[in-house]
Amino acid sequence: MDTPPQVMDFVKAMASAERLRVIGVLARGRATQAEIAEQLHVPARDAFERLSFLVEVGVVTESDGVYDLNEKAIESLARGQFEGKRPIYEAKEEKQEDVRKVLKIFLNADGTIKQIPLEDKKLVIILNYVLPAFALDATYTEKEVNTLLRRFHTDTATLRRAFIDQGLLARESDGSKYWRVKNG
Numbered sequence: 000m001d002t003p004p005q006v007m008d009f010v011k012a013m014a015s016a017e018r019l020r021v022i023g024v025l026a027r028g029r030a031t032q033a034e035i036a037e038q039l040h041v042p043a044r045d046a047f048e049r050l051s052f053l054v055e056v057g058v059v060t061e062s063d064g065v066y067d068l069n070e071k072a073i074e075s076l077a078r079g080q081f082e083g084k085r086p087i088y089e090a091k092e093e094k095q096e097d098v099r100k101v102l103k104i105f106l107n108a109d110g111t112i113k114q115i116p117l118e119d120k121k122l123v124i125i126l127n128y129v130l131p132a133f134a135l136d137a138t139y140t141e142k143e144v145n146t147l148l149r150r151f152h153t154d155t156a157t158l159r160r161a162f163i164d165q166g167l168l169a170r171e172s173d174g175s176k177y178w179r180v181k182n183g
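For the sequence shown, position 165 (counting from the first letter as 1) is numbered 164 according to numbering that gives the first Met the number 0, and the numbering increases by one without interruption.
Calculated directly from the structure, the hints in this document are not laboratory data.
Here the structure is a predicted model, which is why all the values come from computation and not from measurement.
Take the hints with a grain of salt, since some may be wrong.
[Said to hold, decoys possible] Below are the DSS-like pairs computed for lysine-lysine, each with C-alpha atoms no more than 27 angstroms apart in a straight line:
(1) Lys-71 <-> Lys-176
(2) Lys-100 <-> Lys-71
(3) Lys-113 <-> Lys-142
(4) Lys-100 <-> Lys-120
(5) Lys-113 <-> Lys-11
(6) Lys-113 <-> Lys-94
(7) Lys-11 <-> Lys-142
(8) Lys-94 <-> Lys-121
(9) Lys-181 <-> Lys-94
(10) Lys-120 <-> Lys-94
(11) Lys-100 <-> Lys-142
(12) Lys-121 <-> Lys-103
Please put together the full structure from these sequences, using the hints given.
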């Protein structure tokens, strides 16, 4: 599979728990480097390193020292290698605001999930936030899936089931192997 470099950079950005925590802070609204460092309880230097990579990849923008989440770039990069698109993530301004609101409500400052939404539309937004943690063309044991999901929430069984139910992950009938669905 020939993956564009910008998609690979995006996957690297989303695979880092530290950078996901920065994204979690910015999902709540714009912030300076100092504010991000304070909310994450890390030195400003660490916040700068994480922000620099996210700006370079294009998922975060910076203007006059204030950082903001670039939802359109995240959506575009996340779908960059997929042919099929789910209607809930059409690139419309009102949809972007819905995504931001749901992330703000359901994510902690560190990027972990406060509470798993019960409503399908909100659940799909949260699942799509977590989805980049799973690489395409990789298989995972249930234990590995749980380890990845635990970075976001302690109720791994509910999240795992939701990923299967929403068609974002698939599994062998005996549960021995899980993988990310190509159009997910």
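Evaluated hints:
1. At most 27 angstroms may separate the alpha-carbon atoms for a hinted pair to count; Lys-71 and Lys-176 exceed this at roughly 32 angstroms.
2. Taken as a hint, the Lys-100 and Lys-71 pair is honoured in the structure, with Cα atoms around 15 angstroms apart against an allowance of 27 angstroms.
3. For the given pair, Lys-113 sits about 22 angstroms from Lys-142 by alpha-carbon distance, which is consistent with the 27 angstroms threshold.
4. Between Lys-100 and Lys-120 the CA atoms are separated by roughly 12 angstroms; this keeps the pair inside 27 angstroms, and the hint holds.
5. Only pairs whose Cα atoms come within 27 angstroms are accepted, and Lys-113 paired with Lys-11 is accepted, the gap being roughly 24 angstroms.
6. Under the criterion of a C-alpha separation no larger than 27 angstroms, the hint pairing Lys-113 with Lys-94 is consistent with the structure, at around 22 angstroms.
7. The suggested pairing of Lys-11 with Lys-142 holds, with an alpha-carbon distance near 22 angstroms, which does not exceed 27 angstroms.
8. With a C-alpha separation of about 12 angstroms, the suggested pair Lys-94 and Lys-121 falls inside the 27 angstroms cut-off, and the hint holds.
9. Straight-line distance between C-alpha atoms of Lys-181 and Lys-94 comes to about 23 angstroms, which keeps the hinted pair within the 27 angstroms bound.
10. Between the alpha carbons of Lys-120 and Lys-94 the distance comes to roughly 11 angstroms, so the proposed pair stays at or under 27 angstroms and holds.
11. Distance restraint check for Lys-100 and Lys-142: the Cα-Cα separation of roughly 32 angstroms exceeds the 27 angstroms cut-off, and the hinted pair is therefore not satisfied.
12. Note on Lys-121 and Lys-103: the hinted pairing holds, with a Cα-Cα distance of about 11 angstroms set against a maximum of 27 angstroms.
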